[in-house]
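Here this note's numbering is used: the first residue of the sequence shown is 69, the next is one more, and so on.
By construction, these hints were calculated from the structure, which means they are not laboratory data. Being a predicted model, the structure only gives us computed values, none of them experimental. By construction, the Cβ of each residue, glycine as well, lies at the ideal position given by its N, Cα and C atoms. Please note that a few of the clues may not be correct.
Unchecked claim - Listed next, the in silico DSS-like pairs over lysine-lysine satisfying Cα-Cα at most 25 Å (straight line):
| id | residue 1 | residue 2 |
| --- | --- | --- |
| 1 | Lys83 | Lys128 |
| 2 | Lys76 | Lys149 |
| 3 | Lys128 | Lys76 |
| 4 | Lys198 | Lys83 |
| 5 | Lys171 | Lys88 |
| 6 | Lys83 | Lys149 |
| 7 | Lys149 | Lys128 |
| 8 | Lys76 | Lys88 |
| 9 | Lys198 | Lys149 |
| 10 | Lys88 | Lys128 |
| 11 | Lys171 | Lys149 |
| 12 | Lys171 | Lys76 |
As the list claims (entries may be wrong) - Between beta-carbon pairs, the in silico distance windows are:
| id | residue 1 | residue 2 | range |
| --- | --- | --- | --- |
| 13 | Leu123 | Tyr220 | 40 to 50 Å |
| 14 | Arg138 | Val180 | 12 to 22 Å |
| 15 | Glu141 | Gln74 | 36 to 46 Å |
| 16 | Arg225 | Val196 | 46 to 56 Å |
| 17 | Asn173 | Glu137 | 31 to 41 Å |
| 18 | Asp269 | Asp210 | 26 to 36 Å |
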Amino acid sequence: MTDYRQMKQQLVARKAELEKIIKQEFGDETHQALSDLTGELSQYDNHPADAATDLYEREKDYALLEHAEREHEEVEHALRKFTDGTYGICEATGQTIPLERLKANPTARTIVAAASQENRGRPAEEDVLKGFSAYQFDGRDDETEFDAEDAYQAVARFNDNSMTYEDASLDEEDESIGYVEEIEGFLSTGIEGYTGSDKVDVQHNVHLNHYVNGDK
């Protein structure tokens, strides 16, 4: 029978430590107003950045408190399993959790393989969102919308570093930026729009050269 006494001692000690942290470091602060903690009767004469700093510190403390409380729950859950006689047994597969894993993480509920499958803490949006390629339509003739690749390129223009590496995402030399059909790159009309073929002007630019030479 596997000896889990070392892990139980670690859990008991960690439980006492967490309870001390929650009570002494966060016990009074979480029940006080922000104005009481800062000692300010009014925020009227304070710079907004000072108030933002105080608020940031308060929110950080709440985050640390939540983390401590969550760890405390995991420790208590592990200690209850000693009482039930189920400590060291994977909750997902029923297999025995390796002793090395329990020494590294005494609150482990599952074996490593099952823990990776649970995918804890991942955003729910990942279940419905697809990859980047699902939102770019360069190869489709029926789509002319501003796609994900265009959005990235619009932002990447502000990059201080030149994107000159091979297959760079900002390679726009062959793209029809600002128009749908290639001929729109070198044909133009007046402010009134298209009024006939005799009113269309041909701009002798790089787009015309590409079109004439077949360099598409």
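Okay, the hints, checked on the actual structure:
With a CA separation close to 22 Å, the supplied pair Lys83 and Lys128 stays within the 25 Å bound. For the given pair, Lys76 sits about 10 Å from Lys149 by alpha-carbon distance, which is consistent with the 25 Å threshold. The suggested pairing of Lys128 with Lys76 is violated, with an alpha-carbon distance near 31 Å, which exceeds 25 Å. Under the criterion of a C-alpha separation no larger than 25 Å, the hint pairing Lys198 with Lys83 is inconsistent with the structure, at around 42 Å.
For the given pair, Lys171 sits about 23 Å from Lys88 by alpha-carbon distance, which is consistent with the 25 Å threshold. Restraint check for Lys83 and Lys149: satisfied, since their Cα atoms lie roughly 15 Å apart, inside the 25 Å limit. The suggested pairing of Lys149 with Lys128 is violated, with an alpha-carbon distance near 32 Å, which exceeds 25 Å. Simply put, Lys76 and Lys88 have alpha-carbon atoms about 19 Å apart, close enough for the 25 Å limit, and the pair holds.
Taken as a hint, the Lys198 and Lys149 pair is broken in the structure, with Cα atoms around 40 Å apart against an allowance of 25 Å. The hinted pair formed by Lys88 and Lys128 meets the criterion: a straight-line CA distance of about 19 Å does not exceed 25 Å. Restraint check: the Cα-Cα separation between Lys171 and Lys149 comes to about 16 Å, which is no more than 25 Å; the hinted pair holds. For the hint pairing Lys171 with Lys76, the CA-to-CA distance comes to about 10 Å; that is within 25 Å, so the pair holds.
Look at Leu123 against Tyr220: about 33 Å separates their beta carbons, and that is not inside 40 to 50 Å. The beta-carbon spacing between Arg138 and Val180, approximately 21 Å, falls within the hinted interval of 12 to 22 Å. Separation of Glu141 from Gln74 is about 22 Å and departs from the stated range, judged on CB atoms against 36 to 46 Å. At about 30 Å, the beta-carbon gap between Arg225 and Val196 misses the expected band of 46 to 56 Å.
Between Asn173 and Glu137 the beta carbon distance is about 18 Å. The supplied range of 31 to 41 Å is therefore violated. In this structure, Asp269 and Asp210 meet the distance hint of 26 to 36 Å, their C-beta atoms being roughly 29 Å apart.
Checked against the numbered hints given earlier, this structure breaks hints 3, 4, 7, 9, 13, 15, 16 and 17; the rest are met.
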